[in-house]
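Per our numbering, the very first residue in the sequence shown carries number 259; after that it's consecutive.
One should not assume that every hint holds.
What the hints assert, rightly or not - Pair ranges (Cβ atoms, derived):
(1) Ser435 with Glu622: 51 to 61 Å
(2) Glu782 with Ala574: 40 to 50 Å
(3) Lys356 with Lys404: 38 to 48 Å
As the list claims (entries may be wrong) - Keeping only pairs whose Cα atoms sit at most 30 Å apart, straight-line, the calculated DSSO-like set for lysine-lysine is:
(4) Lys783 with Lys762
(5) Lys561 with Lys524
(6) Lys427 with Lys404
(7) Lys710 with Lys331
(8) Lys710 with Lys466
(9) Lys331 with Lys466
(10) Lys404 with Lys356
(11) Lys729 with Lys617
(12) Lys761 with Lys585
(13) Lys481 with Lys427
(14) Lys339 with Lys729
(15) Lys399 with Lys427
(16) Lys427 with Lys440
(17) Lys561 with Lys723
(18) Lys427 with Lys328
(19) Lys481 with Lys356
Source of the hints: derived by calculation from the structure; they are not laboratory data. Here a beta-carbon is modelled for each residue, glycine too, at the ideal position from N, C-alpha and C.
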Amino acid sequence: MGILARTALAAAILVGVNASADAVERGGTLIYGRYADSLFLDPVRNDANVDIWILSNLYDTLILPTDDGKGLKPGLAKEWKLADDGMSLSVTLRDGLKFSDGSPITSEDVQWSLKRAANPDNGIWSFLIASIDDVAIVDDKTVVLKLKHPDPAIVAALTVFNTQIMPKKAFEAAAGSTDEEKAKNYSEHPVSSGPFVLQSWDRGSSMKLTRNEHYWAAGEDGKALPYLDGLEFQVIPDDATRILKLQSGEIDGAELIPYARVAELKQADNVNMELFPSTRVQYITLNVRPQINGKDNPLSNEKVRQAMNYATNKEAIVQVVTHNVGKPLTSYMSSATPLHTGDTPLYPQDVEKAKQLMKEAGFENGFATSILVLAGNQDEIGIATALQQMWGQIGIKLELQQVDNPTRTQQYRDGTFTMRVAAWTDDIADPSEITSYFVYSPTIDALHSGWKSEEADKLFEASQKETDAAKRAEQYARLQEIFNTSGPTIPLYETPYPVALSKKVHGFLQIPLGNNIFGAAWKEK
Numbered sequence: 259m260g261i262l263a264r265t266a267l268a269a270a271i272l273v274g275v276n277a278s279a280d281a282v283e284r285g286g287t288l289i290y291g292r293y294a295d296s297l298f299l300d301p302v303r304n305d306a307n308v309d310i311w312i313l314s315n316l317y318d319t320l321i322l323p324t325d326d327g328k329g330l331k332p333g334l335a336k337e338w339k340l341a342d343d344g345m346s347l348s349v350t351l352r353d354g355l356k357f358s359d360g361s362p363i364t365s366e367d368v369q370w371s372l373k374r375a376a377n378p379d380n381g382i383w384s385f386l387i388a389s390i391d392d393v394a395i396v397d398d399k400t401v402v403l404k405l406k407h408p409d410p411a412i413v414a415a416l417t418v419f420n421t422q423i424m425p426k427k428a429f430e431a432a433a434g435s436t437d438e439e440k441a442k443n444y445s446e447h448p449v450s451s452g453p454f455v456l457q458s459w460d461r462g463s464s465m466k467l468t469r470n471e472h473y474w475a476a477g478e479d480g481k482a483l484p485y486l487d488g489l490e491f492q493v494i495p496d497d498a499t500r501i502l503k504l505q506s507g508e509i510d511g512a513e514l515i516p517y518a519r520v521a522e523l524k525q526a527d528n529v530n531m532e533l534f535p536s537t538r539v540q541y542i543t544l545n546v547r548p549q550i551n552g553k554d555n556p557l558s559n560e561k562v563r564q565a566m567n568y569a570t571n572k573e574a575i576v577q578v579v580t581h582n583v584g585k586p587l588t589s590y591m592s593s594a595t596p597l598h599t600g601d602t603p604l605y606p607q608d609v610e611k612a613k614q615l616m617k618e619a620g621f622e623n624g625f626a627t628s629i630l631v632l633a634g635n636q637d638e639i640g641i642a643t644a645l646q647q648m649w650g651q652i653g654i655k656l657e658l659q660q661v662d663n664p665t666r667t668q669q670y671r672d673g674t675f676t677m678r679v680a681a682w683t684d685d686i687a688d689p690s691e692i693t694s695y696f697v698y699s700p701t702i703d704a705l706h707s708g709w710k711s712e713e714a715d716k717l718f719e720a721s722q723k724e725t726d727a728a729k730r731a732e733q734y735a736r737l738q739e740i741f742n743t744s745g746p747t748i749p750l751y752e753t754p755y756p757v758a759l760s761k762k763v764h765g766f767l768q769i770p771l772g773n774n775i776f777g778a779a780w781k782e783k
């Protein structure tokens, strides 16, 4: 059955606006405090939320997720239609689209952007649209995606950051002989298809965006979005400092508020403490390779990992770290992710069982190990400190290594880390993304951990082609069973997104898929 979305559904995209048209104010700069800086502003080659959650303000996709993260609405495309046999998808662009430099957004840009994103040589996210065999141009506004096989997630995949539409001409004019070189040079001064344009970037300190004067979407006042003249992202790694700057009026918003401060900020006169619904899951990633840096690795033993899980009091961590805002995980994916299974917390605490498993694994006397924690992050330090005490009961001596985000990310990608505190947010309303990232070993060695299950790999590949909803649900149930019992993580909890905003800020939204949406945000003067 074809999927059709028509222009009448969205004459204007109104994202997160909660005020009447006559109350909206235009102009000004909104200053937002971030825990860490972006690393690489290329939609295709990035691999971190610090990039992904900002890219949606620089580039648009053909289709956009709805504000609840579960549905679809027109973006750069005004309509799309999936063929009855599921083997092709026709997409038609809106009229009059332009990039931020004034050049038209054409079907050639769409064809080039999608082919670049689907190329497995261009970063890990190609798996989301691996079903694309070719992208054919019908006319200046229409392309047809020809598929290798029916793909149950292909339409939703066109809402994801790696399919954001970029200007072919400007990118190919960038210096460099390879896609990677061109991407690095182009992303220093990108041309936007989204509501904002990069103005300047003082790495590690601040990033400034200015409004895209050629943006297509209209606001509640009938004029072009965005309402703001500009955005400034200030990098403030320390949680307490971000909050102080917000309370003093130096900044207008702050992300990743420690849950210990939520109740306090809800009582503040000048702050709106928001808990946006999310697909965010918190866990510990373990490196399970037989050796790390030439030394035998106890975490490679499945019984050791199970012992660590049974020694972890998830309920206590939820209480101490999230102040009961979170809830223990019942699978590796959030309960809001489609095809999630499980209704009871994973690994209820059983210290005696954990000790027995350690004995069976040959580590009755325990061992010493370490965990990477983001410096200045109150929640991560709280988690690791709790684990230090809990695992101490089964003989594991845990050292906390506080590092900055780039250092931790590099060790993670290189596979040289021992373990790290980690969080995940879905970017698509489908379980395929998180499963490819966590479970399917060819993508990134299962969270860069070195874990592998041949059964899980085959199941995932089959699920990517399965259009029978019941069969696909069965496949994902088994995938979750395999990973939840033997995977390279300590599943902890799921939580909403804690964002604090000045009461002068309106219309900002962090959707359940993580993206920070500033396109319809505005600020009282």
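Verification of the hints:
1. Ser435 with Glu622: 51 to 61 Å: Cβ of Ser435 to Cβ of Glu622: about 57 Å, so the range 51 to 61 Å holds.
2. Glu782 with Ala574: 40 to 50 Å: Given range 40 to 50 Å: holds, Cβ gap about 42 Å.
3. Lys356 with Lys404: 38 to 48 Å: Roughly 28 Å apart at Cβ, these two residues miss the hinted range, so it is violated.
4. Lys783 with Lys762: Given pair Lys783, Lys762 holds - Cα atoms ~8 Å apart, limit 30 Å.
5. Lys561 with Lys524: violated (43 Å)
6. Lys427 with Lys404: Answer holds: Lys427 to Lys404 is near 24 Å, not above 30 Å.
7. Lys710 with Lys331: violated (37 Å)
8. Lys710 with Lys466: Cα-Cα ~42 Å, so violated.
9. Lys331 with Lys466: holds (28 Å)
10. Lys404 with Lys356: Distance ~26 Å between Lys404 and Lys356 Cα, so the pair holds.
11. Lys729 with Lys617: This hinted pair is violated, its Cα atoms lying about 40 Å apart.
12. Lys761 with Lys585: holds (28 Å)
13. Lys481 with Lys427: Holds - the C-alpha atoms of Lys427 and Lys481 are around 29 Å apart, at most 30 Å.
14. Lys339 with Lys729: holds (24 Å)
15. Lys399 with Lys427: Cα-Cα ~17 Å, so holds.
16. Lys427 with Lys440: Holds, because 12 Å separates the two Cα atoms, which is no more than 30 Å.
17. Lys561 with Lys723: Status violated; Cα separation ~34 Å.
18. Lys427 with Lys328: violated (34 Å)
19. Lys481 with Lys356: holds (16 Å)
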